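> Those sequence lines, one after another, are chains A and B. For the first sequence, this note's numbering begins at 1 and goes up steadily by one. For the second sequence, this note's numbering begins at 1 and goes up steadily by one.
I should point out that these hints are in silico values taken from the structure, not numbers from a laboratory. No experiment lies behind these values; they were computed from the predicted model shown. Please note that the accuracy of each hint is not assured.
Below, a list of computed lysine-lysine pairs in the DSSO-like style, where the Cα atoms sit at most 27 Å apart [unchecked claim]:
| id | chain 1 | residue 1 | chain 2 | residue 2 |
| --- | --- | --- | --- | --- |
| 1 | A | 57 | B | 48 |
| 2 | B | 51 | B | 104 |
| 3 | A | 9 | A | 57 |
| 4 | A | 57 | A | 14 |
| 5 | A | 57 | B | 1 |
| 6 | A | 71 | A | 9 |
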Amino acid sequence: NAGVTQTPKFQVLKTGQSMTLQCAQDMNHNSMYWYRQDPGMGLRLIYYSASEGTTDKGEVPNGYNVSRLNKREFSLRLESAAPSQTSVYFCASSHTGPSTNTGELFFGEGSRLTVL
Amino acid sequence: KDQVFQPSTVASSEGAVVEIFCNHSVSNAYNFFWYLHFPGCAPRLLVKGSKPSQQGRYNMTYERFSSSLLILQVREADAAVYYCACASNTGKLIFGQGTTLQVKP
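Kindly produce the complete structure, drawing on both the sequences and the hints.
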């Protein structure tokens, strides 16, 4: 029962390098999300996808791009990593979209990214 | 600005009832959501709603702009980060900073 799977779990980058965080869910959920978790800041929404083929900015989208490859997969790309992007990144999915306000998100275990 | 507020740390002793308080300034938010996060694991939903509710040892109180999570008979294994969240008028969840629960034996 995999749920939401993120890869990689750990990554160290140098400033200016690029990388993609991968996320896949096997629950046939329509909506997917990327959050970042920083000490004292809680979970902040970077981007979300309410359905296959659509993506929208969240609270902190600068420096990131996303791709909803299909219904299962939602990737997050850092084109030119900066030390301010050092964080733990969480992918999540939900059956219903953001507008229906049900609030049950299913999270992955997180990806810890360090940018030197 | 839409925000959710909760204490950064709460300490308790084993066997006690611990309360974690949350309030918000989120426009048109009516539901609270409480998530549990053990570092290194996936956060998961504990309890949610727009009225008082209970799931096992977890009770959620409800007022229009505030909620408390009550954990009954708290154990050392309950030491974790607890997130309170509200849904904005666009439906997206806005999380508080998280409350680290410390449990003394």
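> Next, verify each hint and record whether it holds.
Hints versus structure:
1. The hinted pair formed by residue 57/A and residue 48/B meets the criterion: a straight-line CA distance of about 25 Å does not exceed 27 Å.
2. This hinted pair does not check out: residue 51/B and residue 104/B have alpha carbons roughly 31 Å apart, beyond 27 Å.
3. About 24 Å separates the Cα atoms of residue 9/A and residue 57/A, which keeps this hinted pair within 27 Å; it holds.
4. For the proposed pair residue 57/A and residue 14/A, the alpha carbon gap of about 25 Å is at most 27 Å, so the pair holds.
5. Only pairs whose Cα atoms come within 27 Å are accepted, and residue 57/A paired with residue 1/B is accepted, the gap being roughly 17 Å.
6. This hinted pair checks out: residue 71/A and residue 9/A have alpha carbons roughly 22 Å apart, not beyond 27 Å.
Of the hints listed earlier, the one the structure fails to meet is number 2.
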